[in-house]
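Sequences listed follow chains A and B, in order. The first sequence: position 50 = 989 (our numbering), numbered continuously. The second sequence: position 27 = 36 (our numbering), numbered continuously.
It is worth saying that the hints were derived from the structure and are not from the lab. Quick reminder that beta carbons are idealized off the backbone N, C-alpha and C, glycines included. Be a bit skeptical, because a hint or two may be false.
Stated by the list, open to error - To give a feel for the contact side, a few chain A residues facing chain B, derived at Cβ under 8 Å:
#1 Thr992
#2 Gln993
#3 Asn995
#4 Leu1029
#5 Thr1041
#6 Tyr1043
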Amino acid sequence: KAGVTQTPRYLIKTRGQQVTLSCSPISGHRSVSWYQQTPGQGLQFLFEYFSETQRNKGNFPGRFSGRQFSNSRSEMNVSTLELGDSALYLCASSPGTGLRETQYFGPGTRLLVL
Amino acid sequence: AQKITQTQPGMFVQEKEAVTLDCTYDTSDPSYGLFWYKQPSSGEMIFLIYQGSYDQQNATEGRYSLNFQKARKSANLVISASQLGDSAMYFCAMREEGTGNQFYFGTGTSLTVIP
């Protein structure tokens, strides 16, 4: 099985712009989660989608949004970019949302905001 | 309060030696799961090992084992016979049933294996 894929892998944007990141989960996986990773804050949970519904949401401003499509692929959008949004954005998928279900991560998208 | 605490920002270990990475967690939920991930410099998070709160035995996966002490709320990762390729960041994570099985990650421990 192919792993989790994320596109693009690298992105450079300027303040005020918006960006859309894409994540394709492992085939058969219906849960997709997004994380932001920075040196200062570590790994922070953004949101989780399951069957096109947002199940959980982290403590991020409304500029951060996401969605999931019927094929389980997910996108996250960040509007009005700020310098502090520069980070590695990781997507993870799991078959479902059960306690024992492991999340498998993609390679991430490195976003640099200038 | 932090759900997951990893108190060792950096660790060094000699090649072929064993090393223990500490993880303590905070939950009042009786149903939870504990995970360890490895993140090499390339950035991708790699799943290593899982321990459920009701599992009677400590989890093992090849050279990785989890020292689960439920009363102390600790879930330390033990890597035996360290290899140079083990140099990476290691993250402890928890899912608890009461919060919809959301994942909580620790701040990570950077492990360097010395030849």
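Evaluated hints:
| no. | hint | verdict |
| --- | --- | --- |
| 1 | Thr992 | 12 Å, violated |
| 2 | Gln993 | 11 Å, violated |
| 3 | Asn995 | 5 Å, holds |
| 4 | Leu1029 | 6 Å, holds |
| 5 | Thr1041 | 5 Å, holds |
| 6 | Tyr1043 | 6 Å, holds |
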